[in-house]
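A.B. asks: These are the residues of each chain, in order.
Number of protein chains: 2
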Amino acid sequence: MSNILPVLMGSVKDVLHSINYGMYVVSSKKGDKINGQVVNTVFQITPVPVTIATSINKDNLTHEFINSSGVFTVSILSKDAPFKLIGLFGFRSGRDVDKFSQVDYGIGDNGAPYLREHAVAYLEAKVIKKEELFTHTIFIGEVIGGKMLTGGEPMTYDYYHNDIKGKTPKNAATYSGGGL
Amino acid sequence: MSNILPVLMGSVKDVLHSINYGMYVVSSKKGDKINGQVVNTVFQITPVPVTIATSINKDNLTHEFINSSGVFTVSILSKDAPFKLIGLFGFRSGRDVDKFSQVDYGIGDNGAPYLREHAVAYLEAKVIKKEELFTHTIFIGEVIGGKMLTGGEPMTYDYYHNDIKGKTPKNAATYSGGGL
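These protein sequence lines are chains L and P, in that order. Just remember that this note's numbering sits 1053 ahead of the position in the first sequence, which is counted from 1. Just remember that this note's numbering sits 1053 ahead of the position in the second sequence, which is counted from 1.
Treat the hints with care, as some may be off.
Pairs count within a copy or across copies, as identical chains cannot be separated in the list.
No more than 16 Å apart at the CA atoms, straight line, and that leaves these computed lysine to aspartate or glutamate pairs for EDC-like [said to hold, decoys possible]:
hint: 1; residue 1: K1086; residue 2: E1206
hint: 2; residue 1: K1200; residue 2: D1067
hint: 3; residue 1: K1083; residue 2: D1067
hint: 4; residue 1: K1111; residue 2: E1185
hint: 5; residue 1: K1083; residue 2: D1157
hint: 6; residue 1: K1083; residue 2: E1185
hint: 7; residue 1: K1132; residue 2: D1211
hint: 8; residue 1: K1182; residue 2: D1133
hint: 9; residue 1: K1179; residue 2: E1117
hint: 10; residue 1: K1083; residue 2: E1117
hint: 11; residue 1: K1086; residue 2: D1216
hint: 12; residue 1: K1179; residue 2: D1149
hint: 13; residue 1: K1111; residue 2: E1184
Hints are computed from structural coordinates only; laboratory data are not their basis. Fair warning: this is a prediction, and the values are worked out from it, not measured in the lab.
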C-alpha cells in the first residue's frame, strides 16, 4: 500500500505530530564500553510481567550494543534537562565521543549505564524479543529493576520541540544530526 | 529474571508512571461489525514507510476484530474529550454495547471507523506484523492514510488521570472496568 502514501503524506505528517511521546536516553553496553542515545518511543507493553519496548535505528551504535549485550536501560529525562545534554545524547554518535564520560552516571544491575542528572527515574530491562522493521528494531525488554532519581516532571517531546529546540543557538547546528 | 521483580515492584511502578502517553481510540471491524477501545500506547516505529504500533489485550473484542480484518484505525483524542466518551470506549465492552452507535463517526478507506467528535485527527493502518507478548499483542501497521479533524491539543494520559479521572462522578465506578 506504500504507493498510496505520497499523496497523503502532508496530512499524515500533521497527524503523526499529534502522537504523544516522552524524552528518554536509552543506553546499553558492549564488553566494557557503554553508550546511549535520545529516544522518544518508550512504552509499556504488558503489566505482568512488566515489559517495555523501544524502537532503535539499526545504524546506531546503541542498536549494536543492545544486540550484543541483550540489555538496555531507559533514563527518563526531566523537564529541566538542558539542550547540551540532549545534544550530546541525541545529535552525536558514540562512535565519535564517549558520551557518558561527560555526565554523572551510575551502572545498574544489568550492567548498562543510567543518567544521574536531569533524569526523573530509570528502568533496567533485559531483551526478551526483538522485531526488525525496515530501518528500525523494536526491542522488547522485561523490566528487571528501576528507581526514582530526581523525580519531578518528565520532559515531553512536545516540550522539547516547542520550548527547548526553539531556544537552540544556531551553532548547535554543528551537531550534524542523525548519527545517534 | 521475574523473581527479582516483586521486591522492586513499588519503585518500578512509580517509574512506569513517568512514561509519557497519549489517549487514543483504536478501532477495527469484523464483517459488518465495528468496534473500538481506548488505548494509551500508540507510537511511530519507522518514518519510511510510516509504521505505527499499538498494544492490545488479547481478551478484548478489538483484538479479535484486528486479527480478523488486518486493519486498525487510531483516533487521537482531543483534550476536550469528555469522560462520558472515554468511559464508553474505555470501560465498556463492545460485546455488550454498540459503542459507535452513540457517537459521530466516519468509515475510512480501510473500512474501520474513526471518531468525528473530540478527535484531533486519525490514522488508518494495515497490519504488517504482529508480536504476541504474554497478555497482549503488539500490532504493527503501515499507515495508509489519515486526516486532521478538529485539530487542537491532543489529550495526554497524564491529563486524563489528573484532570478528567479526578473529576469522575462516583457512579462512574459502575463502569466496572477491564473489558475494553
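A.B. asks: Give a verdict on every hint.
C.D. replies: Going down the list of hints, with the structure as the test:
no., hint, result
1, K1086 - E1206, "neither (30 Å within a copy, 42 Å between copies)"
2, K1200 - D1067, "between (35 Å within a copy, 8 Å between copies)"
3, K1083 - D1067, "neither (38 Å within a copy, 29 Å between copies)"
4, K1111 - E1185, "within (9 Å within a copy, 22 Å between copies)"
5, K1083 - D1157, "neither (20 Å within a copy, 53 Å between copies)"
6, K1083 - E1185, "neither (20 Å within a copy, 28 Å between copies)"
7, K1132 - D1211, "both (11 Å within a copy, 15 Å between copies)"
8, K1182 - D1133, "neither (33 Å within a copy, 38 Å between copies)"
9, K1179 - E1117, "within (15 Å within a copy, 30 Å between copies)"
10, K1083 - E1117, "within (8 Å within a copy, 41 Å between copies)"
11, K1086 - D1216, "neither (33 Å within a copy, 44 Å between copies)"
12, K1179 - D1149, "neither (26 Å within a copy, 39 Å between copies)"
13, K1111 - E1184, "within (11 Å within a copy, 19 Å between copies)"
Hint compliance for this structure: hints 1, 3, 5, 6, 8, 11, 12 are not met, and every other hint is.
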